[in-house]
Amino acid sequence: MLFNSNIFIFVFLPITLLGFYLTTKIFKQSMTLLWLSGASIFFYCWWNFHSFYILVASIAINYILSIVMMHTQEKKLEFFTKLLLVIGLLFNILLLVYFKYMNFFITNIKYFITLKTLNTNIILPLAISFFTFQKIAYLVDVYQRKITEKNLLKFFFFVMFFPPLIAGPIVHYREMTPQLSRLKLSRINLVIGFTLFFIGLTKKVICADSIAEYINPIYEQAASGQALAFFTAWAAALGFTFQIYFDFSGYSDMAIGLARLFSIKLPTNFNSPYKSTSIIDFWRRWHITLSRFLRDYIYIPLGGNRQGHCRRYINLMAVMLIGGLWHGASWTFIFWGGLHGLYLTINHFWRAINQSASMRYQWFIHQINKLSWPITFLSVVIGWVFFRATSFKAALAILGGMIKINQPYLHPAFGIFIHRLLFFRIHFNEDAMMWQPFMVSYFWIILLGYVSIKLPNSIYIMRRYKPTLDYQQYLGTSKPFMRKQQHFKLLAIRTGLFLFLTSFIIFKSVNSQFIYFKF
Amino acid sequence: MKYFSASLSISIATLLLWRCVVPIFFASPPDVNWIEQLYKVKTAYALSTHTPKVVTVGGSATHFGVNSQQLTTLIKQPSINFGIHGGLGIKYMLYRARQILKPGDTVVLLIEYGLYAIDEVTTPLTNYCFFYDPTYIIHCKYKSIPNFLFSYGVTDAIKTQINAYIRPYSTYIYADKTLTNAGDESGNSINKVTPAMLADVKSIDAFTQLAISQHAMSSTTDFINWCKAHHINVIASWPPVYYKKIYLTNEYVAFYKSITNFYQHHGVLVIGQPQNTMFALSDMLDTPYHLNNIGSKKYTQQLATALNQALIKK
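Protein chains in written order, with the numbering used here: chain A, 1 to 519; chain B, 1001 to 1314.
These are calculated hints, taken from the structure and not from any lab test. Backbone N, C-alpha and C fix where the C-beta goes; we use that ideal spot for every residue, glycine too. There is no bait here: all hints are sound.
The calculated lysine-lysine pairs, modelled on DSBU-like cross-linking and capped at a C-alpha distance of 30 Å, are: (1) A:Lys25 - B:Lys1002; (2) A:Lys275 - B:Lys1159; (3) A:Lys265 - B:Lys1002; (4) A:Lys466 - B:Lys1002; (5) A:Lys404 - B:Lys1159; (6) B:Lys1257 - B:Lys1298; (7) B:Lys1002 - A:Lys184.
What follows is a list of derived Cβ distance ranges for each label pair: (8) A:Leu371 - B:Lys1143: 53 to 61 Å; (9) B:Met1217 - A:Asn48: 31 to 39 Å; (10) A:Gln144 - B:Ile1012: 50 to 58 Å; (11) B:Ala1196 - A:Lys454: 40 to 48 Å; (12) A:Ile461 - B:Ile1012: 18 to 26 Å; (13) A:Ile280 - B:Gln1209: 49 to 57 Å; (14) A:Thr390 - B:Gly1267: 52 to 60 Å; (15) A:Asn6 - B:Asp1205: 25 to 33 Å; (16) B:Phe1004 - A:Ile461: 15 to 23 Å; (17) B:Ala1196 - A:Ile300: 52 to 60 Å; (18) A:Thr390 - B:Asn1308: 56 to 64 Å; (19) A:Thr390 - B:Phe1004: 43 to 51 Å; (20) A:Ile61 - B:Ile1137: 54 to 62 Å.
Next up, chain A with everything else stripped away, as it sits in the complex (with noise of 0.2 Å):
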């Protein structure tokens, strides 16, 4: 079930506070994790149902192994705790290269190889490739003792939590289990977690669900090898950019609002991030656990930056083709990982030239400086084209239509419009998009651009009610709390006026999926 569908805010939801309330109330904290895991168990299961298993298995095995780590480690035998880590850290990625990655080598190998017996058809687990990070991050975290605690309910709580289960974010073992034993249900987690789960809707269902009815058919049109116009490209572009940004942290905001109804903080996961300023700027506001996770246990291992430039440039490559391959099997997302490997390798690049240049170069420097927002802007629009694009000759029609600036093509019915205005000489093709998605579709361009770009996002408009484990980090010092009744007031008619605008999306039949589910 969708976070934004009617039985999961009419039924599932309230049965669960429910019951977390009377677990709190009456039980241990062991019943309360219990009856979570029960409702995660079912929210998972009505999903996918066959699936469980596979996430059961994938429990059991990474709680033994991490069990034994622990002991081998008391035991202080290091090669068998190690062996132990290498074990657990193949049979995770062999999981996850077997479920997500099998039809993709097949599909390429049959180009080259005759291959009747394999299977193409492998279905894929709900959310392999997030509990697959966090399971990896788990045992890491045995290993570098930074976990010493042996408690089978709390790991299976741990990857289960229904809000972070689906698509993030990414949230660690160390992070979650120490506010397990101050479970409760509290009017301001109530209140705060509400709040965060409307402002999230409202991005999800009005914002990213708006842009992608006009933008889903110019890939679509792309993909059918269609010349697109100027105009009609360039909306395809930004409607993707702000699309999936507004769909993926409108769903972490959801995430992060419905962990805090059970008195949960989870970590932050947007930041603004077409704010940022340079690449390496945009990957620390983009899907931040993701970032995290990738800078933690894949490219500090392999040697970060402390191995001189030559060496963290590959780092950098190798980790960012690694994150494009996790979005999905297809040689875009490739593509699109190594487009930002080689985007940050640059701007690493850059900024070494910045620190080393000599005076006469500074000035130059300077003014290529003051371009580093529109640089860094265009750079993500166009590695969006790649991501979203189902094959290089889409992305290529798309990115093609956006060069054609000596050819900017309105739609016919633009032309009784336009020659009143006498000011431009416009060329008209029946092949330019209509006039209708045209205005509609840059109307919601415009205003998603302004929102995203130059208001806070939703973790700074909460930034007094503590919303994330890690808010401080990206916000500076918190303000402090305000008085009581100010701050209900305040909570309550914003949450209101979010509901308005949701409830109209509610109750519609049709419910739109979240982009990241299919990773």
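Since the structure of chain A is provided, determine the placement of chain B on it from the hints.
Positioned in the frame of chain A, the structure of chain B alone reads:
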């Protein structure tokens, strides 16, 4: 609790304000506006016709397919074309038909095949009721009330306002300018048919499912019973549709039979044959149910012939 009751109150207050302000100060979507214009013209014409009349009721197949002036001449009785946007659904179409029917009238049901499958709640209906018929909510089922209350949101309003105020041209078919005084469509001239419109005729499937839904059965039964109680004669016939070979296969024939059985079970005379109301591409306009003016003449002639026989029998 104060937080939740405050949030809910603000939400409800904003909703009430929205429902009051938007229909008054903002433009309605083009299809909704078209529906309202059709109803205005057709209802005014129907109410101005005093003698017992023949009213054809159905979706846009009826609106484009029946020429009421021609029908009046052929059956020598006043006839009203009460065809409307099929997206309103059977229940609402029949609800509005009740408002113009009087004892002694004859109503001819020409329900499109696809309409037998759709449910009560559709977007055109909820949007239309939001702007022009908010009191209809008391006639709908309880489970549909939230759909009616939350039908027209902010994103719909943005789309519509851009449509209304920046629109450089308007379509010639779905516009009130092409309605005659009698409520017939005059914009379906064969000269205006384009290859793109004919491509749509061929590609769109006229049937959604080959079964009559519970909702369609109950709505139509209620209407038939109401007509009987008010001494209104009910006749059923077949809507015009684009001919495809598959529509004459056993599966489809069984569906037509189920429709005939349903009406006959309720004492309603069924006239004509479904295969006789299937038309070639040259008679079509822009969808598998819309006839151009040539097709409309043929269909009206057929309907008149069948009606004359039925009315003589009575």
